[in-house]
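Residue 1 is where the sequence shown starts when you use UniProt numbering, and the numbers rise one by one after that.
Derived from the structure by calculation, the hints contain no laboratory data. Nothing here was measured: the structure is a model prediction, and the numbers come from that model. Don't take each hint at face value.
Claimed, not checked - Cβ-Cβ distance ranges computed for the label pairs, FRET-style:
| hint | residue 1 | residue 2 | range |
| --- | --- | --- | --- |
| 1 | ALA40 | LYS248 | 48 to 54 Å |
| 2 | ASN35 | PRO316 | 37 to 43 Å |
| 3 | GLU63 | PRO318 | 46 to 52 Å |
| 4 | ILE125 | PRO219 | 43 to 49 Å |
| 5 | SER56 | LEU284 | 18 to 24 Å |
| 6 | LYS277 | ASN122 | 40 to 46 Å |
Beta carbons are placed, not taken as given, at the ideal position from N, Cα and C, and that holds for glycine.
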Amino acid sequence: MTSAKFAVIGAGNGGLAFAGCLALRGAFVRIHDNNPALMADLAAKGTIEVTDCGQSSLASIGEVCPGLGTAVAGADIIFVVTPADTHRAIATAMAPYIGQGATVLLHPGRTGGALEVKNIFNTLIPGRRVIVGEAQTLLFACRRYPPNKVAIMGTKRRVAIATLPRNAAHGVINTLKPFFPQFAAAENILETSLGNIGAIFHPAPTVLNAARIETSPVPFRYYIDGISPSVAKILELIDAERVLVAEKLGKRVPSALEWLRQAYGISASSLHEAIQKNPAYQELIAPKTIDVRYLDEDVPTGLVPLAALAGLCGVPAPFMNAIIGLAGVIRGKDYRRTGRSLERLGLANMSADDIQAMVNT
Numbered sequence: 001m002t003s004a005k006f007a008v009i010g011a012g013n014g015g016l017a018f019a020g021c022l023a024l025r026g027a028f029v030r031i032h033d034n035n036p037a038l039m040a041d042l043a044a045k046g047t048i049e050v051t052d053c054g055q056s057s058l059a060s061i062g063e064v065c066p067g068l069g070t071a072v073a074g075a076d077i078i079f080v081v082t083p084a085d086t087h088r089a090i091a092t093a094m095a096p097y098i099g100q101g102a103t104v105l106l107h108p109g110r111t112g113g114a115l116e117v118k119n120i121f122n123t124l125i126p127g128r129r130v131i132v133g134e135a136q137t138l139l140f141a142c143r144r145y146p147p148n149k150v151a152i153m154g155t156k157r158r159v160a161i162a163t164l165p166r167n168a169a170h171g172v173i174n175t176l177k178p179f180f181p182q183f184a185a186a187e188n189i190l191e192t193s194l195g196n197i198g199a200i201f202h203p204a205p206t207v208l209n210a211a212r213i214e215t216s217p218v219p220f221r222y223y224i225d226g227i228s229p230s231v232a233k234i235l236e237l238i239d240a241e242r243v244l245v246a247e248k249l250g251k252r253v254p255s256a257l258e259w260l261r262q263a264y265g266i267s268a269s270s271l272h273e274a275i276q277k278n279p280a281y282q283e284l285i286a287p288k289t290i291d292v293r294y295l296d297e298d299v300p301t302g303l304v305p306l307a308a309l310a311g312l313c314g315v316p317a318p319f320m321n322a323i324i325g326l327a328g329v330i331r332g333k334d335y336r337r338t339g340r341s342l343e344r345l346g347l348a349n350m351s352a353d354d355i356q357a358m359v360n361t
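Could you put together the complete structure from these sequences and hints?
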C-alpha cells in the first residue's frame with residue numbers, strides 16, 4: 001500500500017489503536033514505550049488484537065523496540081501518541097536519531113505541541129529538515145486492555161492535521177490517506193492548537209467532580225454522569241474564551257458544540273444534550289483518582305498555553321484561569337510554572353500579527 005515506514009511512540013490506548021490499524025492496513029510498524037513490562041508483553045505476543053465496532057482482528061507488529069532511538073531511526077512518519085506533558089522529553093531524546101525529511105506527528109498536540117517540539121528541534125538539530133505536525137484531537141475513542149488488546153469504541157469522522165512548515169500538510173495527509181482517510185489538512189497550526197477540545201472536556205469536569213472521584217465507591221460515567229447541565233454551562237463559558245482567543249489571532253475555530261457535530265455527527269441545541277447523545281461517550285468511565293492526566297496533562301499543555309495566549313491578545317479569561325488555579329490547588333502543583341509558556345512555544349515577545357505570520361510560513 002505504501003513504502004513509508006512508521007514508528008509509533010507510546011503503547012497506551014491511542015498508541016495500540018494506531019499501531020494495530022496501521023499494521024492491519026499493510027504498513028510496517030515499529031512500536032516503542034518507556035514501560036519495559038509493556039514492551040515485554042508486546043514482544044512476547046508479537047501481535048495487537050484490535051476490536052473495532054465489535055469485530056476483532058489480529059495485527060502483526062513489525063518490530064517491538066525497547067529503545068526510542070531504534071524505533072525512530074529510519075522511520076518516515078513518527079506518531080507520538082503519549083500524554084502531551086511528555087512531548088518535550090520525547091522530542092529532546094529522539095532528536096539525535098531522526099532522519100532528514102522525517103515527519104513527527106503528535107496525536108494530539110493539545111495546545112502548542114508542534115510549536116514546542118519544533119522549537120526544540122530548531123535548537124538541537126538546526127540543520128536538519130524535520131516536519132513537525134499535530135492532530136487537533138485523538139482520532140479514536142479507545143481503551144487498551146493488557147497485555148495486547150485495544151477496543152475502539154468510536155472513530156471521528158474528521159480530524160484536522162497541521163504542520164510546520166505549513167505547506168507540508170497536504171503531502172503528509174496524502175501519505176496517511178490509505179490508512180486514515182479521516183485526516184484532513186488544517187489551515188495552519190493555530191487551527192489545531194486552538195481547536196484543543198481536550199482542554200474544555202477534561203480539566204473542568206474533573207475539578208468539579210473531585211469529591212465524587214475521591215469518595216464514590218461506584219464507578220460513574222465520565223461524560224454522561226459527570227457532565228451535568230450545570231457542569232456543561234461552565235464548559236460553554238470556558239469554550240467561549242477559547243473561541244475568542246482564536247478570533248483575536250485571526251482564526252475561527254468551531255465551538256465544542258460545533259465540533260461534536262463535525263466529529264461525531266451529533267445534532268443538538270446545547271453542549272449538554274450533544275454530550276449525552278454521543279454514543280462514543282456512553283461507557284467511558286471516570287478516573288478513580290484525582291492523580292490523572294485530565295489535570296496533569298490537560299492543564300499545563302492545554303489551559304495554561306491557552307490562558308497565556310489570551311493574555312497576549314488582551315482577552316479576559318476568568319473561567320479558564322479559575323480552573324487552572326483550582327486544579328493546581330487540588331494537585332499541589334504550579335501548572336503555570338511547569339506548563340507551556342510563550343517562551344517554550346517560541347512565541348515570546350511576539351504580537352498577534354507576528355504569530356499569524358509565523359504559522360503561515
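Worksheet item: Honestly, which of those hints from before does the structure not fit?
Response: Failing hints: none at all.
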